[in-house]
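Colleague: This is what each chain is made of:
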Amino acid sequence: MQYLPNILFALVLIAGIGFFTRNVRKLIRNIKLGRAIDRSDNAARRWKNMAYIALGQSKMVRRPISGILHVVVYLGFIIINIEILEIIIDGLLGTHRIFQPILGDGLYGFLIGTFEVLAFLVFVAVVVFWLRRNTVKVKRFLNKEMKGWPSNDGNNILYFEIVLMTLFVLMNAADTSFQQAGVGNIVSGFVAPLFDGMGADTIHLVERTSWWLHIIGILIFLNYLYYSKHLHILLAFPNTYYGNLNPQGQFDNLESVTNEVKLMLDPNADPYATPAETETAEVPEKFGAEDVTDLNRVQLLNAYTCTECGRCTSVCPANQTGKELSPRAIMMKTRDRLEEVGKNIDKNGEFKPDGKTLLDYISTEELWACTSCNACVEECPVSIDPLSIIMDMRRYQVMEKSAAPQELNMMMTNVENNGAPWQYNQMDRLNWKDEE
Amino acid sequence: MNVPTMAELAAQGKQPEVLFWVGCAGSFDDRAKKITKAFVKILNKANVEFAVLGTEESCSGDPAKRSGNEFLFQMQAMTNIEVMNAYEVKKVVTACPHCFNTLKNEYPGLGGTYEVLHHTQFLKSLLADGRLTIEGGSYNGKRITFHDPCYLGRANEVYEAPRELIRKLEVELIEMKRCKRNGLCCGAGGAQMFKEPEKGIKDINIERTEDALEVKPNIIATGCPFCNTMMTDGIKNKEKEQEIEVLDIVELIANAQDL
Numbered sequence: 001m002q003y004l005p006n007i008l009f010a011l012v013l014i015a016g017i018g019f020f021t022r023n024v025r026k027l028i029r030n031i032k033l034g035r036a037i038d039r040s041d042n043a044a045r046r047w048k049n050m051a052y053i054a055l056g057q058s059k060m061v062r063r064p065i066s067g068i069l070h071v072v073v074y075l076g077f078i079i080i081n082i083e084i085l086e087i088i089i090d091g092l093l094g095t096h097r098i099f100q101p102i103l104g105d106g107l108y109g110f111l112i113g114t115f116e117v118l119a120f121l122v123f124v125a126v127v128v129f130w131l132r133r134n135t136v137k138v139k140r141f142l143n144k145e146m147k148g149w150p151s152n153d154g155n156n157i158l159y160f161e162i163v164l165m166t167l168f169v170l171m172n173a174a175d176t177s178f179q180q181a182g183v184g185n186i187v188s189g190f191v192a193p194l195f196d197g198m199g200a201d202t203i204h205l206v207e208r209t210s211w212w213l214h215i216i217g218i219l220i221f222l223n224y225l226y227y228s229k230h231l232h233i234l235l236a237f238p239n240t241y242y243g244n245l246n247p248q249g250q251f252d253n254l255e256s257v258t259n260e261v262k263l264m265l266d267p268n269a270d271p272y273a274t275p276a277e278t279e280t281a282e283v284p285e286k287f288g289a290e291d292v293t294d295l296n297r298v299q300l301l302n303a304y305t306c307t308e309c310g311r312c313t314s315v316c317p318a319n320q321t322g323k324e325l326s327p328r329a330i331m332m333k334t335r336d337r338l339e340e341v342g343k344n345i346d347k348n349g350e351f352k353p354d355g356k357t358l359l360d361y362i363s364t365e366e367l368w369a370c371t372s373c374n375a376c377v378e379e380c381p382v383s384i385d386p387l388s389i390i391m392d393m394r395r396y397q398v399m400e401k402s403a404a405p406q407e408l409n410m411m412m413t414n415v416e417n418n419g420a421p422w423q424y425n426q427m428d429r430l431n432w433k434d435e436e
Numbered sequence: 437m438n439v440p441t442m443a444e445l446a447a448q449g450k451q452p453e454v455l456f457w458v459g460c461a462g463s464f465d466d467r468a469k470k471i472t473k474a475f476v477k478i479l480n481k482a483n484v485e486f487a488v489l490g491t492e493e494s495c496s497g498d499p500a501k502r503s504g505n506e507f508l509f510q511m512q513a514m515t516n517i518e519v520m521n522a523y524e525v526k527k528v529v530t531a532c533p534h535c536f537n538t539l540k541n542e543y544p545g546l547g548g549t550y551e552v553l554h555h556t557q558f559l560k561s562l563l564a565d566g567r568l569t570i571e572g573g574s575y576n577g578k579r580i581t582f583h584d585p586c587y588l589g590r591a592n593e594v595y596e597a598p599r600e601l602i603r604k605l606e607v608e609l610i611e612m613k614r615c616k617r618n619g620l621c622c623g624a625g626g627a628q629m630f631k632e633p634e635k636g637i638k639d640i641n642i643e644r645t646e647d648a649l650e651v652k653p654n655i656i657a658t659g660c661p662f663c664n665t666m667m668t669d670g671i672k673n674k675e676k677e678q679e680i681e682v683l684d685i686v687e688l689i690a691n692a693q694d695l
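Respectively, the protein sequence lines represent chains V and F. In this text, residue positions in the first sequence follow our numbering: the first is 1, and each later residue adds one. In this text, residue positions in the second sequence follow our numbering: the first is 437, and each later residue adds one.
Possibly wrong hints are sitting among the right ones.
[Unchecked claim] Cβ-Cβ distance ranges computed for the label pairs, FRET-style:
hint, chain 1, residue 1, chain 2, residue 2, range
1, V, 79, F, 561, 55 to 61 Å
2, F, 549, V, 365, 35 to 41 Å
3, V, 348, F, 549, 31 to 37 Å
4, F, 674, V, 255, 42 to 48 Å
5, F, 564, V, 28, 23 to 29 Å
6, F, 453, V, 56, 40 to 46 Å
7, F, 611, V, 262, 42 to 48 Å
8, V, 428, F, 453, 23 to 29 Å
9, V, 193, F, 611, 50 to 56 Å
10, V, 43, F, 453, 52 to 58 Å
11, V, 428, F, 447, 57 to 63 Å
12, V, 431, F, 447, 19 to 25 Å
13, V, 47, F, 549, 50 to 56 Å
The set of hints was computed from the structure by calculation and includes no laboratory data. Owing to the predicted nature of the structure, the values given are computational and were not obtained by experimental measurement. Glycine is no exception: its CB is placed at the ideal position from the N, C-alpha and C atoms.
Work out the full structure: start from the sequences and follow the hints.
Modeller: Written out as structure tokens, the structure is:
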């Protein structure tokens with residue numbers, strides 16, 4: 001019976017990590033439903049972007065208040081998690097603070113002291129975040145796509161962090177021998193007097209309970225990620241790595257179109273020639289995106305990475321002037337549809353047509369309101385590109401469904417007939433030279 | 437006005453220093469034609485050997501591409517590329533950021549690789565080479581704010597060239613609260629120029645005009661014919677056209693020197 005806690009701990013750990021792994025595999029499978037895209041170029045520049053943007057949070061601090069608070073929470077999260085290593089070893093071996101004798105009181109105290117200070121700072125930052133979300137009317141948290149689950153999700157994450165930080169300090173405060181050693185109890189030292197007068201057994205019970213709840217809380221939080229907007233803590237890294245390196249104004253040229261246009265413009269091409277036999281009976285490529293599976297893998301990774309901060313939407317000219325379009329909602333809807341497709345596959349073994357597409361989530365009204373100004377792309381702290389999804393969906397509207405707004409059809413007819421978006425004769429193009 | 441075409445020069449066996457890509461707005465839009473002429477005056481003043489394609493030029497394809505019509509875009513692009521490659525064009529300058537972006541970034545993949553410059557970048561290089569001087573003249577001391585065109589600014593990270601030219605005019609360059617990479621769109625991009633906006637509470641150009649009015653400028657400078665239209669409409673909507681002018685940077689330079 002002596003090993004019961006160790007065995008229990010091992011089981012909890014395996015369950016927590018196992019379930020998380022299962023969801024990560026699902027995540028990867030879903031992302032791979034997208035079209036392959038080659039982003040294997042410029043590895044050096046990509047690593048640098050990841051280091052600056054994800055690790056270095058360079059774009060977060062463009063908005064100083066939320067940016068600096070975020071850096072505190074982020075650093076706290078990363079650094080305090082070093083402590084998990086000790087917790088896991090202790091849990092598996094049945095030891096108590098195994099690093100204390102190994103590292104010596106000085107270094108160990110310094111580390112735990114740092115963790116405690118960070119835990120306190122994270123606590124404060126998270127409280128400010130909660131106030132910003134729930135009492136201060138920050139506009140980007142109040143858009144209509146933030147009603148219901150997205151808003152609760154944001155708060156849940158904050159509650160998780162408050163509880164985890166509290167438990168961390170509490171388990172240190174109730175650790176009598178740790179308090180007596182007096183190393184690194186910078187914050188918990190102020191909490192410890194609360195237990196004065198309690199029996200040793202009670203204090204020990206508080207310490208054990210806090211310890212267990214803390215590690216179980218962490219495992220639950222880990223598994224909450226997949227269901228939450230909070231995945232960005234992991235995906236921000238690959239997402240910034242695979243981000244677009246071209247100038248933001250450069251949209252990709254569809255290769256499938258290039259081949260056809262070349263054929264059209266080639267005076268020697270035989271218009272009646274039968275297409276060359278391909279090895280496999282390929283389905284003709286669809287132009288643009290109708291559903292998530294027509295998007296590329298980076299776009300789908302973008303959707304999972306989005307943490308719904310809404311910076312994109314707050315700078316979107318269309319959204320600011322009351323249009324239906326919100327770049328954040330484009331990302332959220334893409335993820336929702338991708339999840340739906342994923343669940344369909346889980347259930348049926350393969351995707352069974354459900355009569356729906358991404359267009360049931362994203363309306364054409366949203367798509368046509370975009371000015372392609374790139375403000376959303378510029379603003380995203382983790383290199384998400386909502387504009388590319390909007391453009392791919394416009395392509396589908398125009399090239400597969402001929403469903404552009406009427407005025408745009410007229411513009412395109414003019415371009416086609418007379419080489420200008422307005423109805424002027426191409427032969428008059430140089431008339432300005434002689435006009436006064 | 438001395439505006440040679442590529443065809444004329446080719447007939448004489450000559451190759452200009454730079455091709456001036458006029459663009460559709462610059463060719464047909466009454467307001468934008470003034471920008472075109474102002475730029476030509478400066479080019480002539482600086483003795484730049486340039487040429488235009490004239491009737492051989494066709495829409496760059498930008499509005500088609502941003503509308504999602506990749507077919508039409510590539511048809512336009514390949515036709516234009518064929519013409520430019522036939523003339524062995526090396527360097528292109530344009531006063532339209534949309535043409536600039538498309539030619540610079542999207543043509544190379546289709547076989548058209550040129551050095552493409554926005555007119556503000558080109559004039560900046562003329563200044564640096566001492567081929568052009570800019571003096572304040574009539575604009576001395578005026579308050580001028582510059583509206584960043586999205587396809588020049590964020591799309592291609594050109595923020596300084598236009599500002600450098602404006603500063604040379606010995607004016608007071610004042611920035612709107614949203615400028616450079618945070619600049620707000622005028623509302624014309626992504627082919628919005630050619631359609632009515634979706635329903636909302638305000639037009640984007642009004643929102644942007646309000647940004648400009650906040651800094652109380654005498655002049656709103658632009659570097660894009662479409663931004664010019666949108667800002668001009670915004671100023672008219674606010675009934676400020678008596679007090680505030682909307683002018684392209686090359687118009688400022690040409691006017692200042694009475695060209």
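Colleague: When the hints from earlier in the document are held up against this structure, which numbers fail?
Modeller: Checked against the structure, the hints that fail are numbers 1, 3, 5, 10, 11, 13, while the rest are satisfied.
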